[in-house]
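**Student:** Heads up: the sequence lines are chains A and B, in that order.
Per this note's numbering, residue 2 is the first one in the first sequence, and the count goes up by one each step.
Per this note's numbering, residue 150 is the first one in the second sequence, and the count goes up by one each step.
Honestly, the hints are just simulated from the structure, not real lab data.
Even glycine gets a Cβ: it sits at the ideal position worked out from N, Cα and C.
Be careful, since some hints might not be right.
Chain A regions said to be covered by chain B (calculated; three or more residues, Cβ under 8 angstroms) [what the hints assert, rightly or not]:
| hint | segment |
| --- | --- |
| 1 | 24-37 |
| 2 | 126-135 |
| 3 | 188-194 |
| 4 | 211-224 |
| 5 | 241-249 |
This is what each chain is made of:
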Amino acid sequence: MQRRMKEAVIKHVFLATAITSLAILALIMIFLFMEGLPTFGFVSLKAFLTGFDWYPTDEVKPDYGILPLISASGAVTALSSLLAIPLGVMTAVYLAEIANPRVRAVAKPVVEMLASLPSVVLGFFGMVVLAPFLQDYFNIPVGLNLCNASIMLAIMSVPTIASVSEDAIYAVPRELKEASLALGATHLETLTRVTIPAALSGIGTAVILGMSRAIGETMVVLMVAGGAAVVPLSVFDPVRPMPASIAAEMAEAPFRSHHYHALFAIAMVLFVVTLGFNILADYISHKHRQVGSASL
Amino acid sequence: MNTPASTAVATGQPMARPQFLVNARGRDIRRKSLEWFVFMLLRGAIIIVGAALVVIIGFLVKNGISVINWHFLLDAPRNNMTEGGVWPCIVGTLLLSLGSMAVALPLGVSSAIYLHEYARPGTLMRVIRLGVNNLAGVPSVVFGLFGLGLFVTVMKLGVSLAAGWLTLGALCLPVVIGTAEEALRNVPATYREASLALGGTKWQTIWRVVLPSALPGILTGSILGIGRAAGETAAIMFTAAVFYTPKMPQNIFSDVMALPYHIYVLATAGTEIEKTRPLQYGTSLVLIALVLGMNLAAILLRAWLQKRHAR
Chain A
2 MQRRMKEAVI KHVFLATAIT SLAILALIMI FLFMEGLPTF GFVSLKAFLT
52 GFDWYPTDEV KPDYGILPLI SASGAVTALS SLLAIPLGVM TAVYLAEIAN
102 PRVRAVAKPV VEMLASLPSV VLGFFGMVVL APFLQDYFNI PVGLNLCNAS
152 IMLAIMSVPT IASVSEDAIY AVPRELKEAS LALGATHLET LTRVTIPAAL
202 SGIGTAVILG MSRAIGETMV VLMVAGGAAV VPLSVFDPVR PMPASIAAEM
252 AEAPFRSHHY HALFAIAMVL FVVTLGFNIL ADYISHKHRQ VGSASL
Chain B
150 MNTPASTAVA TGQPMARPQF LVNARGRDIR RKSLEWFVFM LLRGAIIIVG
200 AALVVIIGFL VKNGISVINW HFLLDAPRNN MTEGGVWPCI VGTLLLSLGS
250 MAVALPLGVS SAIYLHEYAR PGTLMRVIRL GVNNLAGVPS VVFGLFGLGL
300 FVTVMKLGVS LAAGWLTLGA LCLPVVIGTA EEALRNVPAT YREASLALGG
350 TKWQTIWRVV LPSALPGILT GSILGIGRAA GETAAIMFTA AVFYTPKMPQ
400 NIFSDVMALP YHIYVLATAG TEIEKTRPLQ YGTSLVLIAL VLGMNLAAIL
450 LRAWLQKRHA R
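Could you build all of it, start to finish, from the sequences and the hints given here?
**Tutor:** Structure (structure tokens):
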């Protein structure tokens, strides 16, 4: 009897720790909203989200419009996805389907090591190498801009996209591929008409996770995006995505000032967007999960 | 291929090839060459990825290696951080990453034990998993603000090691849960069944059988977690790291210098950014050596484990 009691207690202790993650997520939400919501006491939600001017430190009439920051985040994410999605998915297909075991044993750690490079190091590389290169090559006044940030962010999200899609491609049942090959299809035809369609939901999840990583990434955009809070009109415009604004200004914003609350409100927007992306990724991977070989 | 056309060619008999076979062969060649072309493209993708890694690391090594010596590693920054070394940053980074693992490891492993050993598929498990996945997706700067709000301000820890540990611990938790779960998944079910058959309770089975076999896998995960925490910047810039401090950390309420934040500060906010370039390269090199070293250790450990499992 005592033994059974002990077992029940232990089970509940484990349950409690498993709920910690949920609790942390809830606490993050509570704190962001607690510090962020006061923003809407001095600026309306509409003006906040659609205002074109972000001058939070202006002493006479500060402006708290984050449209330039939102559009900058959108632009770097879109442009980096344009580079990272094809590269990531192609890498995944290569690793899962084409590489022989020897190549794979080298190539996979390479992808993992790229994933583990600290973002501040990538940002530094973008500053000292890519920026002067872009400046010279395209003959533009500043090398720290949307284009530079997108390239560095793409390097960050390729490993995420590659490893999640690779798992999905790897998980496609062998019988499906063998059936296709037995019918006379080439390896490529099997890939494009059988394997990739079967892994499509996993690849979709990978793409969304990669984009969510790009939106939330801070150090790279803080260091190489250029920092100008304007709506970008060209790929060589300097921009100021949301995470960069938070990281750059938080240290200077007086505690619980309007500026401080506005920065938390930006973090709220960022949190809601990434949460949305992650829930979408989760939904896709559960809804269209490949179960056995029957559901294709 | 033993089609009429090919026998005709082989025996040298003049014989008109049926048109559909000519078409089929042409199509086969097209199919094969398209395949060759696409596979080349795919190889190109992996080469670009590899080249990115080689170029980044190569460049940092090329420019940073000349700065690295014992003085650089073991001295404190001097003269407004334009000279001297990075010792306080190395200490700070090691303390931050090891401490955050001390927070994340017990929580992460026991979460994984619940998810893998106890939980039945259902709504609760689905919700917990959704929570873990979403926590993994929270941007690091948001973790930083959360740490600032909760640990620094409300819990009054100030900008300190302790606040950094808790913030980074929360950030690494999903990584630890993921790898620990994988380690548990790799323990054969027969181990558990044998222990249960001998009359062991569920807890005894987990404690004496499952955990010891999963330990190397869990170790791999925690090394990866430490590497992740060591490179993290945005989460510590409001919670633990400072621009410059002349003191080494005295206790858990001390603020610290850290390698990633040091790089950021030197590269963007210093008074003489150009003059300190060599220091920036050197610091970056130390950081990636630390992080990649840990990752390499984890990769090798995992390879060794797989070999052992295969036997």
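**Student:** If you test the structure against every hint from before, which numbers come out violated?
**Tutor:** Nothing - there is no hint that the structure violates, so all of them hold.
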